[in-house]
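Colleague: First residue of the sequence shown: 1, per the working numbering; consecutive thereafter.
Zero decoy hints are in this set.
Listed below are the simulated SDA-like cross-link pairs for lysine to any residue, each with C-alpha atoms no more than 20 Å apart in a straight line:
no. : residue 1 : residue 2
1   : K363      : G429
2   : K363      : M301
3   : K42       : V9
4   : K42       : R62
5   : K42       : R73
6   : K363      : R401
7   : K42       : E269
8   : K42       : A214
9   : K30       : R59
10  : K363      : L332
11  : K42       : R208
12  : K42       : G24
13  : K363      : F331
14  : K363      : E337
15  : K363      : G314
16  : K363      : G406
17  : K363      : Y336
18  : K42       : W16
19  : K363      : V521
20  : K42       : D71
21  : K42       : R66
22  : K30       : L48
23  : K363      : E333
24  : K30       : Q14
25  : K363      : R526
26  : K42       : R57
Derived DEER-like restraints, expressed as beta-carbon distance ranges:
no. : residue 1 : residue 2 : range
27  : S376      : L446      : 24 to 30 Å
28  : T287      : H34       : 33 to 39 Å
29  : A302      : D538      : 43 to 49 Å
30  : A397      : H346      : 18 to 24 Å
These aren't lab readings, by the way, just hints derived from the structure by calculation. Just so it is clear, CB atoms sit at the ideal spot from N, CA and C, and this is done for glycine as well.
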Amino acid sequence: MTLYLSGEVGGQAQTWPLEGETLGLGRSSKNRIHIADGTVSKDHAEFLRRDGRWYVRDRASRNGTRVNGADAREPTEIRPGDRIEIGHIELRVAEQPQAVALRLSEGTVLDSSLEFRVEDILERGARGGGTSARLVRVLAEAGRLLVLPRPLRETCDELLQFVEQAVPGSRYVLMLREEGGEPVQIAARARGGRAREPLALSRGIMSRVLDQRASVVTADAALDPRFLAQHSVVAQSIHSAMAVPLFDNERVLGLLYVDSHDPGMRFGEEQLELLTLLANMAAVKITNARLLENQQAHERMAHELAAAAEIQRGLLPLAPPALPGWRCDAFLESCYEVGGDLYDFHVGQDGGMTVVVGDVTGKGMGAALLASSFLSSWRVLVDSGPDLSELARRLNAVTHRPNDAGRFVTGVIARLDPRSGTLEVVNAGHPPPALALDGELRRLELGGPPFGIRPDSTYPIERAELRRGELLAICTDGIPEARHGEDFFEDERFTALLRAAGDQDPAALRERVLGEVRSFVGDEPRSDDITLVLIRRDR
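Model the full assembly from the supplied sequences, consistent with the hints where possible.
Modeller: Okay, structure coming up:
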């Protein structure tokens, strides 16, 4: 049995026979049943023939499909005399073709409640359909306004001023949302000036606009369930309202809302199209403004980090001291602009030289600040002349912070008598210093806890004598823990280089060590700062 659908679209009576096995219905012309109405989705519903019976099923449309008032999300059988609602279009099922006048539940529903996907409006605007000379003029003026570089909030404020001129209304709201967050009101205006109070928007409307990318308009908010069913759009009398997404052609940044208290003002499809196009232009501008602000913030941070790095480098000695009969070299390289490694030399009035090498936990600015503080404390205390154990105890006391147990400093303090070659070493949780001569290597293993762990730590002194030609090497763990994938450079590679150094000059040996480390790491990003101090007693 052949059934017929009859209804009125755009003032014209139309009839479609249900033939074949499957028929599509929608606003797109590719559908067998083509209904050019704003409340009908492009691919709205489909009709299915099974065992000689006809069924209708909604295809996730915006405004739904109903048979005799019941939703047809699943295939629903239709019979002669049934009433099918497609959006706001009503169709009748009959055994014979007939023309039936369109009936609406409310005389103004078609005019007062419209909802479109934003892509449809932008596509229409791009083709020029529906535009007028006024629309072209408005968009041209908006283009001139939005091309000027301005901060984000200033851009949003000026945008609302322009929207007020282009779309007369009572109140205007622009809301932006961060990824995964709630929308936040960035700018608001009441007719003739700024809105003093935030405007409370319905979650239902925000969900349609933000999540479904829908532009929504109503000419009578009091009768529109979308605006009143889930908390009133605003807690005041609204006669007409529009809400459109701020869509930058890739994602929805927020929404633009306009309402009117004037009973004589009824927003319609033309105003909705204009507001949607303006919101699209504004969204592109907002994205550019954000990128500009991010770039400026990045440049500002880069400038500040460069200044901090220069200051930190200025805290280090320009060169190791020149001691007759000794050759010294020191090197520090941070994996970021600033870091937590440090070293320093101090030559006392008796001619003895004290060296400190330290490594602060963590990376970046926080580690750099603690490194600078530690270095300043060291320079004050080293002049006071205590033995190394007492010097280490005092450094530990000033480094300890009860409320920041996670921050500490590993370090080595070494005091050298250049005349005799006697060496005293205190180790605070740091990689042990190495002594290398003629292929042999010995470690100074004695030590205590890192500086700052406990306020009452004590530090034993280990003593040794540097023989003629012997090399003292102190490094931070950035050398043995240099990484390539899951592999580490390891201490064995470092000590092998020290054993093979012979009487190589410290500066040349440093370049060889760093070259081996860099060759091992390759293109992998650096994971830690590197510090290396080398002191050799001439033969």
